[in-house]
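Chains as they are written, first to last, in the numbering used here: chain S, 1 to 303; chain P, 304 to 634.
Do not take every clue at face value.
Subject to a maximum C-alpha distance of 20 Å in a straight line, what follows is the list of computed EDC-like cross-link-like pairs (lysine to aspartate or glutamate) [stated by the list, open to error]:
| # | chain 1 | residue 1 | chain 2 | residue 2 |
| --- | --- | --- | --- | --- |
| 1 | P | K356 | P | E586 |
| 2 | P | K356 | P | E606 |
| 3 | P | K630 | S | D97 |
| 4 | S | K37 | S | D180 |
| 5 | P | K623 | S | D97 |
| 6 | S | K2 | P | E526 |
| 7 | S | K298 | P | E442 |
| 8 | P | K445 | S | E172 |
| 9 | P | K623 | S | E172 |
| 10 | P | K530 | P | E515 |
| 11 | P | K624 | S | D97 |
| 12 | P | K384 | P | E370 |
No wet-lab data here; the hints were simulated from the structure. Given the structure is predicted, the values throughout are model-derived calculations rather than measurements.
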Amino acid sequence: MKHATRRVVGLSLVSLTGVAAFVIVAMLALVLLDVVKGGASHLSWEFLTQAPSNGMMGGGIFPALFGTAALTLLMTVAVMPVGVLTAVYLHEYAPPDGKLARLVRVAVANLAGVPSIVFGLFGLGFFILFVGKGLDRALGYEQLHWAQPGILWAALTLAVLTLPVVIVSTEEALRAVPLDHRTASLALGATQSQTLARVVLPGALPGILTGAVLAISRGAGEVAPILFTGAAYFLPDLPTSLNSQFMHLGYHTYVLATQSPDVEATRPLLYATVMVLLLLTFTLNLVAVLIRTRTRRKAASGH
Amino acid sequence: MQEQDLAPPVALPMLSPEARRRQLKEKLIAGVITAVAFTGIAALVLILVFVAKEALTLVTDAAAREEASFSKMFLPQLVRKAKPLAYVWQPVSGVPKVSMIPLFIGTLKTTAVSMLVAVPLGIFGALFAAEFAPRRLREVLKPTIEMLAGIPSVVLGFFALMVLATFLQDTFGFTSRLNAVVAGLGLALAIVPVIFTVTEDALTAVPRSYREASLALGATQWETAWKVVLPAAAPGILAACVLGFGRAIGETMIVLMASGNAAITSANLGDSVRSLSATIAAEMGEVVVGSPHYALLFFIGVELFLFTFVLNMLASVWTKKVIQRLKGGAG
Chain S
1 MKHATRRVVG LSLVSLTGVA AFVIVAMLAL VLLDVVKGGA SHLSWEFLTQ APSNGMMGGG
61 IFPALFGTAA LTLLMTVAVM PVGVLTAVYL HEYAPPDGKL ARLVRVAVAN LAGVPSIVFG
121 LFGLGFFILF VGKGLDRALG YEQLHWAQPG ILWAALTLAV LTLPVVIVST EEALRAVPLD
181 HRTASLALGA TQSQTLARVV LPGALPGILT GAVLAISRGA GEVAPILFTG AAYFLPDLPT
241 SLNSQFMHLG YHTYVLATQS PDVEATRPLL YATVMVLLLL TFTLNLVAVL IRTRTRRKAA
301 SGH
Chain P
304 MQEQDLAPPV ALPMLSPEAR RRQLKEKLIA GVITAVAFTG IAALVLILVF VAKEALTLVT
364 DAAAREEASF SKMFLPQLVR KAKPLAYVWQ PVSGVPKVSM IPLFIGTLKT TAVSMLVAVP
424 LGIFGALFAA EFAPRRLREV LKPTIEMLAG IPSVVLGFFA LMVLATFLQD TFGFTSRLNA
484 VVAGLGLALA IVPVIFTVTE DALTAVPRSY REASLALGAT QWETAWKVVL PAAAPGILAA
544 CVLGFGRAIG ETMIVLMASG NAAITSANLG DSVRSLSATI AAEMGEVVVG SPHYALLFFI
604 GVELFLFTFV LNMLASVWTK KVIQRLKGGA G
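Using the sequences and the hints given, assemble the complete structure.
This is the structure:
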């Protein structure tokens, strides 16, 4: 190839890839701009603290905010111990290239790729119709008590969905704890579990928190898994027990966008709801990124 | 940290009772942790078992077998007298028609549109980030695109429904406002970050020595990127596309909101479509528990699970291949 053509081809390839990167970022900017433009004016303290009114064409989103928060809190409580201990097994206890560890890894990788709607079916089939029904029978409830959609079942469904997120980031956090710390602790006579509890886990804590935050941000935005496991179209009251249904920001968005009798009237509400949902997930993601870069910098300067 | 790294246990008779208790405690803790680690495997198995269990009515129940037989699901059926055989999904009409073909076609159409957009964007974008962008720009670019991955799919569905649909209809004059193109573009927003991230990882895994060797032989930067780095990372890039494909097939909310949800069997991308996942989401709410229709929706769930399972296994094999190849080559 001649020198000139070589340069032209090179320049066009580089600019082509640059354009692709630019387009991706522009798409993100487009979504954000549209949401902020449409939602900022309607976002107010009243909007955040009032219940929907007037057939969901007025009022605020407080029950949905509350439901989302309660749901993700329950989910976090359920997923963190299991996720962290699984990662501890993979990184601290399992022999390298052990069969079981490999199987766990394959399962976790596949779990991450299961479509979210299938998690919804699983929640319905397993938690509600199997566990819930079994509980009702065992506790002697005449009416449906546990064998119906509720916040606990939705939270557990989301916990299974976010399990891979927690496992992967916890393992990364464990990898970042220097091996010297473990050997030093063992050399001082500490047992493996003492080393784990007092040296390894505290050292990995920021990374584990990052995992928790990422799981929350992922779980808070998922709608498909909670469609039939607990989310309600509209509820005048906040959920009071683990088997009550709840309102949810994402589901509320879906309802407002697709089932509103008057699209023009609900549009500002819809945009403001989406803006809150985006603010929530972005803030969480940003927090995760911040914790991660901070610990990385610390690790880089400390050792 | 492995057990065989630790000192072998001291001969048992020498241990004090306290030490023995401590040893027992250690074993117990290791046992509990190992037991918890089975949760991931258990979850995957339970998902398949319990989704398949609800679909089992299609085989065990005579009425369901009659209403939703495999031939009715996959072969053309008589819909109305004196009309040609056709594929129709109308599970709640007087005579339920349960052909899955329109749903397959709908899923494929939206997925194809999204892949056509997301694959070039993701791969070229990753190539730019990994090979050409200055370090500062790359450090901004990666987290920004990861932010795109953090947008909940219901928000992307909302965006496709409210903004893209109107814009595309004004530009191209589609007869149906919500169609395969709108849903596919919405889906593309969801899978671009997947393809970008995995491709970028594969590209950065290519050892520096490859690039240095190529540059030393007189190749330019783009020739190195295009003819050395890209082929070296090819299996990883293929894995990225497969993962994106799997995500697009299973994604629910975007398609549910932006596709129009009409089970039409046509090749036209401007027609409304109904996907497998959106069908579950839309119909599960009103279905009679235990009915053939209910079992059918779970059967669709089994299909989605198996599709994505196979795709994931392929992707992980290819990712491993790129790592092995590069390790072997660099060593």
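Exercise. State the violated hints by number, sorted upward, taking the hints as numbered earlier in the document.
Key: As far as the earlier hints go, only 4 is violated by this structure.
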